[in-house]
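Q: Sequence:
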Amino acid sequence: MKVARFHAPGDIRVEDADEPVAGPGELRIRVRNCSTCGTDAKILRYGHHHIRPPRVMGHEIAGEVVDGAGGWAPGDRVQVIAAIPCGRCGECLRGRMTVCPNQESMGYHYDGGFAEYMVVPEKVLAVDGVNRIPDGVGFAEASVAEPLACVLNGQELARVGEGDDVVVMGSGPIGCLHVRLARSRGAARVFLVDVNAGRLEAAASLVRPDAAVHSGEGSGDVVDQVLKLTEGRGADVVITAAASGAAQEQALRMAARQGRISFFGGLPKDDPIIRCDSNLVHYRELTIVGANGSSPAHNAQALRLIADGRVPVADLITHRLPLPEVLDGIGIVSRGEAIKVTVEP
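Each residue of the sequence shown is one higher than the one before, starting from 1 at the first, in UniProt numbering.
Hints are not guaranteed to be accurate.
Keeping only pairs whose Cα atoms sit at most 25 Å apart, straight-line, the calculated SDA-like set for lysine to any residue is [claimed, not checked]: (1) LYS228 x ALA204; (2) LYS42 x VAL99; (3) LYS2 x GLY75; (4) LYS123 x ASP18; (5) LYS123 x ASP210; (6) LYS228 x ASN196; (7) LYS2 x PRO53; (8) LYS123 x ILE43; (9) LYS123 x ARG77; (10) LYS269 x ARG253; (11) LYS42 x HIS7; (12) LYS228 x VAL195; (13) LYS42 x LEU280; (14) LYS42 x ASP11; (15) LYS42 x ARG253; (16) LYS42 x GLU104; (17) LYS42 x ARG13; (18) LYS123 x ARG94; (19) LYS2 x ASP16; (20) LYS123 x ARG88; (21) LYS123 x GLY70; (22) LYS42 x ASP271; (23) LYS2 x ASP67; (24) LYS269 x ILE51; (25) LYS269 x GLY218; (26) LYS42 x SER244; (27) LYS123 x PRO53; (28) LYS228 x GLY218; (29) LYS228 x LEU280; (30) LYS228 x THR287; (31) LYS228 x ARG199; (32) LYS228 x GLY186; (33) LYS2 x LEU321; (34) LYS123 x GLU217; (35) LYS2 x ALA188; (36) LYS228 x ALA188.
Distance windows between CB atoms, simulated [unchecked claim]: (37) GLU231 x GLY87: 38 to 48 Å; (38) GLU249 x ARG132: 38 to 48 Å; (39) ASP271 x GLU231: 48 to 58 Å; (40) GLY71 x GLY47: 16 to 26 Å.
What the hints contain is simulated information worked out from the structure, not anything from laboratory work.
Quantities reported herein were computed from a predicted structural model and do not represent experimental measurements.
Every residue, glycine too, gets a C-beta built ideally from N, C-alpha and C.
Starting from the given sequences, assemble the full structure and let the hints guide the process.
A: Below is the structure:
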């Protein structure tokens with residue numbers, strides 16, 4: 001079979017491999033879709049400290065069961081979690097699986113979905129990390145459940161709800177999912193912000209925010225623009241769906257009193273420090289939350305949101321590529337030329 005393996009930064013190869021065999025307690029699936037994301041682009045460029053090469057990449061996985069354990073039958077259509085909690089530590093036992101200190105990941109610690117066939121480890125099944133794809137949901141849509149699960153975790157932590165004015169900073173695929181999920185959770189208005197005018201226009205044409213705010217050079221202060229849109233109050237929730245320290249600093253200034261700010265996008269490891277006006281946090285009673293991946297339960301809920309039509313994702317999949325073109329797909333993601341790219345092995 002064909003796989004896409006990471007060997008070193010700048011070195012991902014599509015190459016031949018033997019079909020894997022499921023061991024006791026494992027599940028073997030035929031991968032039908034594995035979507036790409038910005039993390040894959042970062043791995044290509046920089047590698048990752050959890051990846052010991054060679055490693056088959058890909059963590060947004062959907063496919064068909066071939067054989068294995070857990071009561072699954074050949075032909076069952078399944079979606080697989082990316083982040084694997086241990087299920088046994090103090091955090092997991094307290095229901096905090098997203099911050100499990102023993103967490104492992106598909107495509108990092110275990111071979112992932114950029115392959116024709118893959119094995120789902122026993123520990124994934126042990127934490128209910130394999131979900132049946134509902135009727136009417138395609139494999140490509142199901143593969144988007146993983147990033148949607150991360151978005152769901154972020155919005156639960158930021159308590160996005162009825163009547164909120166929500167600002168989403170970053171109009172990539174994650175930003176688009178944030179807009180749609182915020183609407184499904186009852187947000188009154190959702191505003192989408194980006195420094196890249198072309199990307200913002202393309203995203204806004206699909207997800208139709210109440211306003212698209214260009215924050216690039218020559219467009220004026222983005223905080224002032226948001227304050228005008230919110231009648232001077234600021235936003236109830238600001239989500240930074242971009243790896244930008246500047247966006248995080250701006251989020252603090254555009255949040256309404258008792259606003260919630262989600263630092264959803266992590267910052268580069270060599271530049272993780274921002275300037276925080278502590279008095280803004282203190283006097284406005286702001287809440288700042290992080291968001292780190294998703295739990296198995298978030299993945300199952302994300303699939304239901306897609307199946308029910310509450311969070312449509314099919315139109316966000318702008319590129320479908322065969323496995324030999326996976327590097328082209330990662331390049332498209334890196335250049336911001338797509339909303340969502342999926343690979344069909």
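Q: Now tell me if each hint is right for this structure.
A: Hints versus structure:
1. Restraint check for LYS228 and ALA204: the C-alpha separation of about 19 Å stays at or below 25 Å, so the hint holds.
2. For the suggested pair LYS42 and VAL99, the alpha carbons sit about 22 Å apart, so the restraint of at most 25 Å is met.
3. A distance of roughly 21 Å separates the Cα atoms of LYS2 and GLY75; the hinted pair therefore holds under the 25 Å criterion.
4. Among the hinted pairs, LYS123 with ASP18 is consistent with the structure: their alpha-carbon atoms are about 23 Å apart, no more than 25 Å.
5. About 43 Å separates the Cα atoms of LYS123 and ASP210, which puts this hinted pair outside 25 Å; it is violated.
6. Proposed proximity of LYS228 and ASN196 is supported: the alpha carbons are some 21 Å apart, at most 25 Å.
7. Proposed proximity of LYS2 and PRO53 is supported: the alpha carbons are some 17 Å apart, at most 25 Å.
8. For the given pair, LYS123 sits about 24 Å from ILE43 by alpha-carbon distance, which is consistent with the 25 Å threshold.
9. With a C-alpha separation of about 19 Å, the suggested pair LYS123 and ARG77 falls inside the 25 Å cut-off, and the hint holds.
10. For the proposed pair LYS269 and ARG253, the alpha carbon gap of about 24 Å is at most 25 Å, so the pair holds.
11. At most 25 Å may separate the alpha-carbon atoms for a hinted pair to count; LYS42 and HIS7 meet this at roughly 14 Å.
12. Among the hinted pairs, LYS228 with VAL195 is consistent with the structure: their alpha-carbon atoms are about 18 Å apart, no more than 25 Å.
13. A hinted pair counts as satisfied when its Cα atoms are at most 25 Å apart, and LYS42 with LEU280 does not qualify at roughly 33 Å.
14. At roughly 12 Å between alpha-carbon atoms, LYS42 and ASP11 fall within 25 Å of each other, so this suggested pair holds.
15. At most 25 Å may separate the alpha-carbon atoms for a hinted pair to count; LYS42 and ARG253 exceed this at roughly 29 Å.
16. Between the alpha carbons of LYS42 and GLU104 the distance comes to roughly 18 Å, so the proposed pair stays at or under 25 Å and holds.
17. Distance hint between LYS42 and ARG13 is fulfilled; the C-alpha atoms sit about 16 Å from each other, no more than 25 Å.
18. Between LYS123 and ARG94, the direct Cα distance comes to roughly 18 Å. Compliance with the 25 Å bound is thereby established for this hinted pair.
19. A distance of roughly 5 Å separates the Cα atoms of LYS2 and ASP16; the hinted pair therefore holds under the 25 Å criterion.
20. A distance of roughly 11 Å separates the Cα atoms of LYS123 and ARG88; the hinted pair therefore holds under the 25 Å criterion.
21. Restraint check for LYS123 and GLY70: the C-alpha separation of about 11 Å stays at or below 25 Å, so the hint holds.
22. Proximity of LYS42 to ASP271 is assessed by CA-CA distance (about 15 Å); at most 25 Å being required, the pair is judged to hold.
23. Our distance criterion of 25 Å between C-alpha atoms is met by LYS2 and ASP67, whose separation comes to about 19 Å.
24. A C-alpha spacing of about 16 Å is found between LYS269 and ILE51, which places the hinted pair at or below 25 Å, so the restraint holds.
25. This hinted pair does not check out: LYS269 and GLY218 have alpha carbons roughly 29 Å apart, beyond 25 Å.
26. Under the criterion of a C-alpha separation no larger than 25 Å, the hint pairing LYS42 with SER244 is consistent with the structure, at around 15 Å.
27. Annotation: proposed proximity of LYS123 to PRO53 holds, straight-line Cα distance about 21 Å (limit 25 Å).
28. The hinted pair formed by LYS228 and GLY218 meets the criterion: a straight-line CA distance of about 17 Å does not exceed 25 Å.
29. Our distance criterion of 25 Å between C-alpha atoms is met by LYS228 and LEU280, whose separation comes to about 19 Å.
30. With a C-alpha separation of about 22 Å, the suggested pairing of LYS228 with THR287 holds against the 25 Å cut-off.
31. At most 25 Å may separate the alpha-carbon atoms for a hinted pair to count; LYS228 and ARG199 meet this at roughly 23 Å.
32. For a cut-off of 25 Å, the pair hint linking LYS228 to GLY186 stands: about 22 Å separates their Cα positions.
33. Restraint check for LYS2 and LEU321: satisfied, since their Cα atoms lie roughly 14 Å apart, inside the 25 Å limit.
34. In summary, the hint linking LYS123 to GLU217 is not supported, as the alpha carbons are separated by about 48 Å, beyond the 25 Å threshold.
35. Between LYS2 and ALA188, the direct Cα distance comes to roughly 47 Å. Violation of the 25 Å bound is thereby established for this hinted pair.
36. At most 25 Å may separate the alpha-carbon atoms for a hinted pair to count; LYS228 and ALA188 meet this at roughly 16 Å.
37. Between GLU231 and GLY87 the CB atoms are about 47 Å apart, so this pair conforms to the stated range of 38 to 48 Å.
38. Look at GLU249 against ARG132: about 43 Å separates their beta carbons, and that is inside 38 to 48 Å.
39. The hint said 48 to 58 Å for the Cβ distance between ASP271 and GLU231, and at roughly 35 Å that hint is violated.
40. For the hinted restraint 16 to 26 Å between GLY71 and GLY47, the CB-CB distance of approximately 37 Å leaves it violated.
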